[in-house]
Structure formats: structure tokens, C-alpha cells
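Using the numbering used here, the first residue of the sequence shown is number 30, and each one after it goes up by one.
Derived by calculation from the structure, the hints in this document are not laboratory data. Glycine included, every Cβ here is placed at the ideal spot set by N, Cα and C. Each hint should be verified, as a subset may be incorrect.
[Claimed, not checked] Calculated cross-link-like contacts (lysine-lysine; reagent style DSSO-like; alpha-carbon spacing at most 27 Å): (1) LYS208 - LYS66; (2) LYS266 - LYS253; (3) LYS273 - LYS155; (4) LYS138 - LYS208; (5) LYS120 - LYS267; (6) LYS164 - LYS273; (7) LYS120 - LYS45; (8) LYS155 - LYS208; (9) LYS41 - LYS208; (10) LYS164 - LYS41; (11) LYS267 - LYS66; (12) LYS267 - LYS138; (13) LYS273 - LYS137; (14) LYS120 - LYS137.
[Stated by the list, open to error] Quick list of simulated restraints, FRET-style, between CB atoms: (15) GLU247 - ILE271: 26 to 34 Å; (16) THR250 - GLN224: 26 to 34 Å; (17) ASP246 - GLN176: 40 to 48 Å.
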Amino acid sequence: MNDLYHFFQPMKDSLKHLWQQHNNDIKHIHNICSGEKYTAVTMENGNTGVCANLNIIVPPVWEIASPDFNAIPDRILVNAFLNAVNSYNFKEDGLGDLAEVVDFSGYKKIVMIGFFESLSQRLAKKGVNPTIFDKLITDNPTITNIQEMLPAIASCDAMILTATTISNNTFTEIYNTAKAHCHIYILGPSAILHQDMFQFPKIAAIFGSIFLPEGKDELLTLIKAGHGTKSFLHLLKKVYIINK
30 MNDLYHFFQP MKDSLKHLWQ QHNNDIKHIH NICSGEKYTA VTMENGNTGV CANLNIIVPP
90 VWEIASPDFN AIPDRILVNA FLNAVNSYNF KEDGLGDLAE VVDFSGYKKI VMIGFFESLS
150 QRLAKKGVNP TIFDKLITDN PTITNIQEML PAIASCDAMI LTATTISNNT FTEIYNTAKA
210 HCHIYILGPS AILHQDMFQF PKIAAIFGSI FLPEGKDELL TLIKAGHGTK SFLHLLKKVY
270 IINK
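Just need the whole structure built from these sequences, with the hints factored in.
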């Protein structure tokens, strides 16, 4: 993994950076659909990408040609579009879940930004208990007060980070708050599986999803009906890329 943290200036906004590479592909968009929890973009070749909505209302008809990168709905749609374009055109480093792939035993302090309930349960069985933060959850005793998040980030040596921080535009603050040698693991169906993400050298690996072509129609039906991640796990394969 790139160790020249103090000499390397990463791109400021990964969405804008990757959009500039792929925006010519918008002419191949076949469909955009949005539900209560996810937005999906499907290309003419059937490739589909998603991004979590985070309780943001995304308009069903949108002029994607000129996105406003300060507007969260636009960022959500660009994120889903980039996943549709990119997620089928890269070489993964492996298949599997973060809990199965990463050995967290060597880390002293771990934080989880965004509550991944099933993942936290699997990690707990291995004796790994990260400090968990989620600004959308206030009634769960396992979630730490959000006011404590930035100090915890500044002192952790490993971070499990929801990929939705890219679309909701909080990633940069979180990334810059983490200490130089913190290992960040980005996770979730919204994750952009692109090597350029490693221009942020603290990112150790990205764990994302590729949707199976034969499940496209079912996926879109579930998303339109307002269902979330658990409803479409059987329609994807979990893949990851590692910062080498």
C-alpha cells in the first residue's frame, strides 16, 4: 500500500473525478429508478449500479448531463451511474465479505461509520467490537453518540466506512480527520470499485457489489418498492479490491 502519505495529494472529490472520465457514457443509460432506500441506474447493456438514498428524495427524471456536485440527489445519481458503468469492467482481487477477508486482530482501535448490523455481529463473534457511529440511528444502545465521532476517528488505526459518505459528501472530512496511517475499509453496495479511489492512500480496500444480470428486473422491482440491502443480497456477489 502506498506509504507516501505526506507527499501525496489525492483528488478532492472522487465522484467529480470519475464523472469526468465516464460522462460520455450517459448516452447509454437505459433507465433510472429510485425508491425509498436506493436509487438504481441501468445501462443499455443491462449493467446496473446502485446508491443508497439516505432519506434523500431523488427525482425520477433528472438531467444527468450537468450534475451539481454540491447537491446530494445529484451525487447519489452520479454514484449509481458510475457503479453501473464501472463495476463490470474491473478486475477484483477476490470475492467475499469484509469480516471473512480482513484480520482485525492487529488493530488497537477500530471505528465503524455507518451501522452494518450483520457485519458487526460477525465481527463480535471474532472478538472485534468497533466503536459504531450512525447519524441516522438514535435509538440503538450499540451506537455511540455522534458528537464523539470525530475524536474517535482521529485516534483510530482502522475504520470501517460506509460508502455512502462519498455520495453524501462527508467523506473528505472523515478522511482528513483520520491519522496518516489509519487503514480505511470502504463498504457497501454504493461503493465505487475503481482503482483511482486509491489516490486516497489511507483506503486499504474497497468492498462492494456486482449485480447479477439475470436478477436485474427483480432488483429494480425491489428498489421501486422501497426495499433495502437485505432484500437484494441474493442478487449480487460481494467483491473487493485492495490498495497494493
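These are the hints, each one checked on the structure:
no.: 1; hint: LYS208 - LYS66; result: violated, 32 Å
no.: 2; hint: LYS266 - LYS253; result: holds, 21 Å
no.: 3; hint: LYS273 - LYS155; result: holds, 26 Å
no.: 4; hint: LYS138 - LYS208; result: holds, 12 Å
no.: 5; hint: LYS120 - LYS267; result: holds, 13 Å
no.: 6; hint: LYS164 - LYS273; result: violated, 32 Å
no.: 7; hint: LYS120 - LYS45; result: holds, 22 Å
no.: 8; hint: LYS155 - LYS208; result: holds, 25 Å
no.: 9; hint: LYS41 - LYS208; result: holds, 17 Å
no.: 10; hint: LYS164 - LYS41; result: holds, 23 Å
no.: 11; hint: LYS267 - LYS66; result: holds, 19 Å
no.: 12; hint: LYS267 - LYS138; result: holds, 26 Å
no.: 13; hint: LYS273 - LYS137; result: holds, 22 Å
no.: 14; hint: LYS120 - LYS137; result: violated, 32 Å
no.: 15; hint: GLU247 - ILE271: 26 to 34 Å; result: holds, 31 Å
no.: 16; hint: THR250 - GLN224: 26 to 34 Å; result: holds, 33 Å
no.: 17; hint: ASP246 - GLN176: 40 to 48 Å; result: holds, 44 Å
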